[in-house]
Amino acid sequence: MKRYLALILLGTIFGAVLMNIYLSRRMDELYISREKLKVNLYETEERLKKMEAQWQSHRTALIKEVSIQFHRPLDDQFLELALRQQILKLTQNLVGEEVETIPYPLVVHLLDQRIVEADGKHFRLTVKTVIIAEKLTYVLDHVPQMGQNDDEP
Amino acid sequence: MGRLLDTLTINAFIAFGVILGGTLIGSLGAVFMGQAPGHSMLELAGKLKIWALVTAMGGTFDTIRAIEEGFLGWQVGTLAKQLLLILSAFLGAHAGYLLVLHLTGGRMR
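Read top to bottom, the protein sequences are chains Z and B.
Residues 107 to 259 (the working numbering) are what the first sequence spells out, left to right.
Residues 80 to 188 (the working numbering) are what the second sequence spells out, left to right.
Hints may be right or wrong, so weigh each one.
To be verified - Label-pair ranges, simulated between beta-carbon atoms:
id, chain 1, residue 1, chain 2, residue 2, range
1, Z, Met125, B, Leu177, 14 to 24 Å
2, B, Ala145, Z, Glu152, 58 to 68 Å
3, B, Gly184, Z, Met107, 40 to 50 Å
4, Z, Met107, B, Arg144, 24 to 34 Å
5, B, Lys126, Z, Met125, 18 to 28 Å
As the list claims (entries may be wrong) - Subject to a maximum C-alpha distance of 25 Å in a straight line, what follows is the list of computed SDA-like cross-link-like pairs (lysine to any residue):
id, chain 1, residue 1, chain 2, residue 2
6, B, Lys126, Z, Val123
7, B, Lys128, Z, Ala122
8, Z, Lys170, Z, Glu203
9, B, Lys126, Z, Ile138
10, B, Lys126, Z, Glu135
11, B, Lys126, Z, Tyr137
12, B, Lys126, B, Met136
13, Z, Lys142, B, Phe111
14, Z, Lys144, B, His118
15, B, Lys128, B, Leu166
16, Z, Lys234, Z, Arg220
17, Z, Lys227, Z, Ile169
18, B, Lys128, Z, Ile119
19, B, Lys126, Z, Leu129
Said to hold, decoys possible - Computed far set for chain Z versus chain B, every beta-carbon distance over 10 Å:
id, residue
20, Ile119
21, Ala122
22, Lys144
23, Lys195
24, Val249
I should point out that these hints are in silico values taken from the structure, not numbers from a laboratory.
A quick note: this is a predicted structure, and the numbers were derived from the prediction, not measured.
Note that beta-carbon positions come from the ideal geometry of N, C-alpha and C, so glycine has one too.
With the hints as extra help, turn the sequences into a complete structure.
This is how it looks when you write it as structure tokens:
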């Protein structure tokens, strides 16, 4: 009985060895293709991680610069420069804010209908357009306010 | 002389069997562990060569001691016998290795 069991076991091993030899080349090819696919997967995952990181950093873009444009240029360029400077002082705190999370109404109401003094004259500003991006752009209209000059009594 | 030839033949076949058995049965284990069978056969055949020599000679120390005694005592016969034993074991092991090599269609390492 034990002899038969041993023979069966030997036959099984012999059969497995023969099958192994017969299939070894095909299994080797499959193994190599699996390894290649692993490498490809790794490369793709790494590329995806980098792209996701880039996308993430792109998402958290910050306001780096504030640009002021006037809808109607002032006749006096010095006055325009002074007005621009006053407006830039008001918008200074916006630099460094995240583009995605900045409260948009606040950006508009910061300057809209605001009276700003420049070179002793007062101007009421109206926000025509705001472009919120890394370079925040205001397009403003200005209306001189008579009777509010500091020089006047 | 006849006895020496017997020993040499048995040595060669032992080494051959160690390589063949170790490689073929060992590669079954590699298959179970998800490794490439052909590649593992070649690897095992290369690694087992030296062990096949050792196994065929029944332990290295006796042979080395015999070589030493033969060399120091000018016993050329003993020295030649041990060298022939090593050579026969090597031939058997190398024959097994070549067989495995052709079975797997691989290139010689």
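Hints and how they fare:
Between Met125 (chain Z) and Leu177 (chain B) the beta carbons are some 22 Å apart, a value that agrees with the proposed interval 14 to 24 Å. Checked against the hint of 58 to 68 Å, the C-beta distance between Ala145 (chain B) and Glu152 (chain Z) comes to roughly 60 Å, which is consistent with it. About 41 Å separates the C-beta atoms of Gly184 (chain B) and Met107 (chain Z), a value consistent with the hinted range of 40 to 50 Å. For Met107 (chain Z) and Arg144 (chain B), the hinted distance range of 24 to 34 Å is not satisfied, since their beta carbons lie about 46 Å from each other.
Taken as a hint, the range 18 to 28 Å holds for the pair Lys126 (chain B) and Met125 (chain Z), whose Cβ atoms sit roughly 23 Å apart. A threshold of 25 Å between alpha carbons decides the hint, and for Lys126 (chain B) with Val123 (chain Z) the separation of about 19 Å falls inside it, so the pair holds. As the CA atoms of Lys128 (chain B) and Ala122 (chain Z) are separated by approximately 23 Å, the hinted pair is consistent with the 25 Å bound. Proximity of Lys170 (chain Z) to Glu203 (chain Z) is assessed by CA-CA distance (about 8 Å); at most 25 Å being required, the pair is judged to hold.
With a CA separation close to 22 Å, the supplied pair Lys126 (chain B) and Ile138 (chain Z) stays within the 25 Å bound. Distance restraint check for Lys126 (chain B) and Glu135 (chain Z): the Cα-Cα separation of roughly 23 Å lies within the 25 Å cut-off, and the hinted pair is therefore satisfied. As the CA atoms of Lys126 (chain B) and Tyr137 (chain Z) are separated by approximately 21 Å, the hinted pair is consistent with the 25 Å bound. Taking the CA atoms of Lys126 (chain B) and Met136 (chain B), the gap is near 17 Å; set against the 25 Å cutoff, the hint holds.
Between the alpha carbons of Lys142 (chain Z) and Phe111 (chain B) the distance comes to roughly 21 Å, so the proposed pair stays at or under 25 Å and holds. Taken as a hint, the Lys144 (chain Z) and His118 (chain B) pair is honoured in the structure, with Cα atoms around 18 Å apart against an allowance of 25 Å. The straight-line distance between the Cα atoms of Lys128 (chain B) and Leu166 (chain B) is roughly 13 Å, inside the 25 Å bound, and the hint therefore holds. Taken as a hint, the Lys234 (chain Z) and Arg220 (chain Z) pair is honoured in the structure, with Cα atoms around 13 Å apart against an allowance of 25 Å.
Among the hinted pairs, Lys227 (chain Z) with Ile169 (chain Z) is inconsistent with the structure: their alpha-carbon atoms are about 30 Å apart, more than 25 Å. This hinted pair checks out: Lys128 (chain B) and Ile119 (chain Z) have alpha carbons roughly 22 Å apart, not beyond 25 Å. With a CA separation close to 22 Å, the supplied pair Lys126 (chain B) and Leu129 (chain Z) stays within the 25 Å bound. At roughly 7 Å, the least C-beta separation between Ile119 (chain Z) and chain B is not larger than 10 Å, which violates its mark as non-interface.
Listed as a non-interface residue, Ala122 (chain Z) fails to keep its Cβ farther than 10 Å from every Cβ of chain B; the least gap is roughly 6 Å. Every beta carbon of chain B lies more than 10 Å from that of Lys144 (chain Z), the smallest distance being close to 12 Å; the non-interface claim holds. With a minimum CB-CB distance of about 69 Å to chain B, Lys195 (chain Z) clears the 10 Å threshold, and the non-interface call stands. The non-interface label for Val249 (chain Z) is consistent with chain B: the shortest C-beta to C-beta separation is roughly 79 Å, beyond 10 Å.
Violated hints for the displayed structure, listed by number in ascending order: 4, 17, 20 and 21.
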